[in-house]
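*Asks:* Take a look at the letters that make up each chain.
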Amino acid sequence: MRAKSASTTLIDPYRAGLSLGRSLSEIEPEVVFLFVTLQYQAWDEFMDGLYDGLGDSAVRLVGTSGDGFYESSRVSDIGASALALNSGGRVRWHVESGTQVGAHPEGAVRQALASLRNRLEGRDPAFFYMVSDFYTDASRIEAVIHDEIDQPVVGGIAADDDSVANSGCVFIDRAVLRDSVVMLAADGPLAFQIHIANSIDPVGSPGVVDEAQGRTLHRIDSIEALAFLEREIGKPVLRSDQGILLTVLGADEPGEKRLRAVAQNVTGGDGSLTLHGGIRTGERVQVCVADPTKFQDSVRELFAHALATGFDPAAALIVSCAGRKWLLGGQIDHEVQAIASAFGRDIPAAGFSSFGEIAPMLHEGRYTRNLFHNVTYVVMLIGA
Amino acid sequence: MRRLTSLDLPLPGFEVVTLRKATLLSEPVAVVVASLPELLAVLQGHADRLQGVVITPGAEVGLARLAPLAWHATVPMAEIGSLARLVPGWLDAIGTADEALQQVGETRFRTERLSRELESTRVGYNDLTCRLREQVQDLLAAKTELSALNETLESRIARRTAQLETANAELSKALHDLMQAQAELVRAAQLSGLGTLVAGIAHELNTPIGNGLTIATTLADEARRMRRQLRDGSLTRGALETFFGSTADITVVMERNLGRAAEIIGHFKQMVVDQVGEHRRDFKLSDVVADTLSAMSPQLRKRPYRVTTEIDENLLMDSYPGAMSQILTNLVANALIHAFEGRDEGTVTLRAAALDGDKVGLSFCDDGCGIAPKDLEHVFEPFYTTKFGQGGSGLGLYIVYNQVHKLLGGHLELRSTVGVGTCFHMVLPRVAPVLTGEREPAPTPH
Numbered sequence: 001m002r003a004k005s006a007s008t009t010l011i012d013p014y015r016a017g018l019s020l021g022r023s024l025s026e027i028e029p030e031v032v033f034l035f036v037t038l039q040y041q042a043w044d045e046f047m048d049g050l051y052d053g054l055g056d057s058a059v060r061l062v063g064t065s066g067d068g069f070y071e072s073s074r075v076s077d078i079g080a081s082a083l084a085l086n087s088g089g090r091v092r093w094h095v096e097s098g099t100q101v102g103a104h105p106e107g108a109v110r111q112a113l114a115s116l117r118n119r120l121e122g123r124d125p126a127f128f129y130m131v132s133d134f135y136t137d138a139s140r141i142e143a144v145i146h147d148e149i150d151q152p153v154v155g156g157i158a159a160d161d162d163s164v165a166n167s168g169c170v171f172i173d174r175a176v177l178r179d180s181v182v183m184l185a186a187d188g189p190l191a192f193q194i195h196i197a198n199s200i201d202p203v204g205s206p207g208v209v210d211e212a213q214g215r216t217l218h219r220i221d222s223i224e225a226l227a228f229l230e231r232e233i234g235k236p237v238l239r240s241d242q243g244i245l246l247t248v249l250g251a252d253e254p255g256e257k258r259l260r261a262v263a264q265n266v267t268g269g270d271g272s273l274t275l276h277g278g279i280r281t282g283e284r285v286q287v288c289v290a291d292p293t294k295f296q297d298s299v300r301e302l303f304a305h306a307l308a309t310g311f312d313p314a315a316a317l318i319v320s321c322a323g324r325k326w327l328l329g330g331q332i333d334h335e336v337q338a339i340a341s342a343f344g345r346d347i348p349a350a351g352f353s354s355f356g357e358i359a360p361m362l363h364e365g366r367y368t369r370n371l372f373h374n375v376t377y378v379v380m381l382i383g384a
Numbered sequence: 385m386r387r388l389t390s391l392d393l394p395l396p397g398f399e400v401v402t403l404r405k406a407t408l409l410s411e412p413v414a415v416v417v418a419s420l421p422e423l424l425a426v427l428q429g430h431a432d433r434l435q436g437v438v439i440t441p442g443a444e445v446g447l448a449r450l451a452p453l454a455w456h457a458t459v460p461m462a463e464i465g466s467l468a469r470l471v472p473g474w475l476d477a478i479g480t481a482d483e484a485l486q487q488v489g490e491t492r493f494r495t496e497r498l499s500r501e502l503e504s505t506r507v508g509y510n511d512l513t514c515r516l517r518e519q520v521q522d523l524l525a526a527k528t529e530l531s532a533l534n535e536t537l538e539s540r541i542a543r544r545t546a547q548l549e550t551a552n553a554e555l556s557k558a559l560h561d562l563m564q565a566q567a568e569l570v571r572a573a574q575l576s577g578l579g580t581l582v583a584g585i586a587h588e589l590n591t592p593i594g595n596g597l598t599i600a601t602t603l604a605d606e607a608r609r610m611r612r613q614l615r616d617g618s619l620t621r622g623a624l625e626t627f628f629g630s631t632a633d634i635t636v637v638m639e640r641n642l643g644r645a646a647e648i649i650g651h652f653k654q655m656v657v658d659q660v661g662e663h664r665r666d667f668k669l670s671d672v673v674a675d676t677l678s679a680m681s682p683q684l685r686k687r688p689y690r691v692t693t694e695i696d697e698n699l700l701m702d703s704y705p706g707a708m709s710q711i712l713t714n715l716v717a718n719a720l721i722h723a724f725e726g727r728d729e730g731t732v733t734l735r736a737a738a739l740d741g742d743k744v745g746l747s748f749c750d751d752g753c754g755i756a757p758k759d760l761e762h763v764f765e766p767f768y769t770t771k772f773g774q775g776g777s778g779l780g781l782y783i784v785y786n787q788v789h790k791l792l793g794g795h796l797e798l799r800s801t802v803g804v805g806t807c808f809h810m811v812l813p814r815v816a817p818v819l820t821g822e823r824e825p826a827p828t829p830h
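Chains as they are written, first to last, in our numbering: chain A, 1 to 384; chain B, 385 to 830.
FYI, nobody ran anything at the bench for these hints, they're computed from the structure.
Be aware that one or more of the hints could be misleading.
So the derived label-pair ranges between C-beta atoms look like this [what the hints assert, rightly or not]:
hint, chain 1, residue 1, chain 2, residue 2, range
1, A, 28, B, 428, 19 to 29 Å
2, B, 523, A, 148, 49 to 59 Å
3, B, 420, A, 341, 15 to 25 Å
4, B, 488, A, 307, 40 to 50 Å
Facing chain A, a subset of chain B residues (Cβ under 8 Å, in silico) [unchecked claim]:
hint, residue
5, 486
6, 489
7, 495
8, 497
9, 498
10, 508
11, 698
Backbone N, C-alpha and C define an ideal beta-carbon position, used for all residues, glycine too.
With the hints as constraints, model all of the structure from the sequences given.
*Replies:* Below is the structure:
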């Protein structure tokens, strides 16, 4: 597997795309995973530049906007990064999309999945990669990938800090899509590992959800959801607070964990909370608070574990929660530096700051079902 | 920064290329082309992205701005070489401007992010401020209320204290009344026991006195018959002698019945004096037991249960026979009510023997149904009864306990097994202790 990553902070869309494309063209990529921030509004110019730089209009592209990008050389709030792969023809890369993910998340995922299965002609892919527009209930996406897809699915949710702009987009080849989900299937022999890390400490006592609708949580333990949160944390919850989550207790299978982050700036005036992902009435939840001092340790442990398996990565795909970046500030660079530190060499890597992460968990040597996470660091190591 | 030309004309420092959009837009360029439309066609509508200088041959020197960082210069063909010498400095300036624009763009983007972050923080801060203000207002209101309460606290305490004292006095009086009522109930229960005793004695007297009355009536009838025979002269010697013989027999029977009645009344007088006056005297325990069971015989005869006694006939006590009798009466009555419920046979055994240390051991055992564990620890409490409303006063065993402990100076132990039976074990001093303030012994009944 040949791999290369590149990044740019040029603000001119054509020149930024061109810069990435020219850099990646070195390996004559079969597929490009693209990650951009949203200051580029002229997406056609960006894509013109990218494909002009690649010099090959047949390159498959799957991409997403994010709250920032990761690349081997840097992490930035502005610009674009990309990871290009060339399997030498061993792997075919199928990319499809589903629409209206906001109103019909299950339908959008099934639409993309059906198109991919049509392309796969009955073969099981090595893995799926998926990105979705943020303005949907990601737990409904999770329900489909959790129950209807046996292969690992890795990906995340596209958005940035500007919630007012309601902006986020995903890409398939040259096209920019909104209100959509894009999925890629790696069709062929491909070694990979998926690892996730989060450092979430439960606090207080569990409570039972009395009233919830989709992503809106109204009441827990007979009191308003916000009051429950403040009771358990022991301090007022502000709209700007980061890293406050609810873990759903019980109902999961061994090795699985469900976390729902409290969305920033969308705490209801009526004492309700908006979550990144839905929750159901009757579920038992416990408040968790992310501990940024443990973020770096957990990522370091993740790569130490990966190294210990003897896996030889050619590239790394990163999906990391935007909340982690907000909590870590300048120390977020560690999340890419840790790769080179662990393996002792530069490894092409790229990824994005997401608003919800998708990946199975590794439990006793096997992957669990596909799960939707919050405040989590997901890395997929792609084998040489 | 590249210098390019699409002309076949060699220009020093300029690279001859086929024009492409990527080439033109990747960085600031100086490009010499035959005409501007030729260049714009290559740029495909992205001329505003161009950075650098476009030079075309023209009749006169001219300069026009194409884009924010791009200019179009026209010069006569002969002057192009001269103009080309100015290009490096020009491109440097454009490059510097491009870098500045890049920095401005990045700064603007970061500033927008920062302002959103600040806005979020501001909203959060304001929210926190409002909530803290509300809390402060709540605290102030609470403080004001507390101050008002403090001001009236002393008078409220005084008023409350007076109320409490009144309530306390009322409670003390109620307690005193209750204790008095309890004592009266106990006394009533004791008198009720006496009533039972009287009923028994009356029943015992009924037989000898009834017999005497019958025989006396017979004697009177015989006497009237003899008088009639004497008046009318029909009395014979034989009839007279028969009358005398009958009279002698009747007299014997009358003497025996009246003697029995006198004996019963004598016992009755003794028991009444003993029980009512807590009279202390020397007595044989077997006599007291016999008298008590005799008094209870009407009750016992109606039931299919047996009372057996194993008592040392020589056991003398200096104690309170009335209390002893009352204890036995209550234990027997208690056994009749509770021990054999639902059974058509049963035995109560009363044993008494001298113990070491001048003590007397007295046990009262039945082979009845036993006492439930939940009731066992309560049976000596006053008014505790499992037969409420069915004749049980709840005072029988309470009186037993008090008489044994307080008057007789002994102690009492209860053992019971459900389905096996119940035993009251008493250890009593043969000589009862002298009570504080004990009354002078009542006169011996005659």
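*Asks:* Range hint 15 to 25 Å: satisfied by the CB atoms of residue 420(B) and residue 341(A)?
*Replies:* Violated: the Cβ-Cβ distance is about 54 Å, outside 15 to 25 Å.
*Asks:* Report holds or violated for the interface hint on residue 498(B), using the least CB-CB distance to chain A and a cut-off of 8 Å.
*Replies:* Result: violated, 10 Å to nearest chain A Cβ.
*Asks:* Does the nearest C-beta of chain A fall within a distance shorter than 8 Å of the C-beta of residue 495(B)?
*Replies:* 11 Å, violated
*Asks:* Grab the minimum C-beta distance from residue 698(B) to chain A and call the hint holds if it beats 8 Å, violated otherwise.
*Replies:* 78 Å, violated
*Asks:* Mind checking the hinted window 40 to 50 Å against the Cβ distance between residue 488(B) and residue 307(A)?
*Replies:* 43 Å, holds
*Asks:* Lying within 49 to 59 Å: is that true of the beta-carbon distance residue 523(B) to residue 148(A)?
*Replies:* 56 Å, holds
*Asks:* Against chain A, with CB atoms and a cut of 8 Å, does the hint on residue 489(B) hold up?
*Replies:* At 4 Å from the nearest chain A Cβ, residue 489(B) passes the 8 Å test, so the hint holds.
*Asks:* Against chain A, is residue 508(B) within 8 Å by beta-carbon distance?
*Replies:* With a minimum Cβ separation of about 4 Å from chain A (threshold 8 Å), the hint on residue 508(B) holds.
*Asks:* Honestly, do residue 28(A) and residue 428(B) meet the 19 to 29 Å range at C-beta?
*Replies:* 25 Å, holds
*Asks:* Using the nearest Cβ pair, does residue 486(B) come within less than 8 Å of chain A?
*Replies:* 6 Å, holds
*Asks:* Please check whether residue 497(B) passes as an interface residue: C-beta within 8 Å of a C-beta belonging to chain A.
*Replies:* Holds: closest Cβ of chain A sits about 6 Å from residue 497(B), inside 8 Å.
Checked against the numbered hints listed earlier, the structure breaks hints 3, 7, 9 and 11; every other hint is satisfied.
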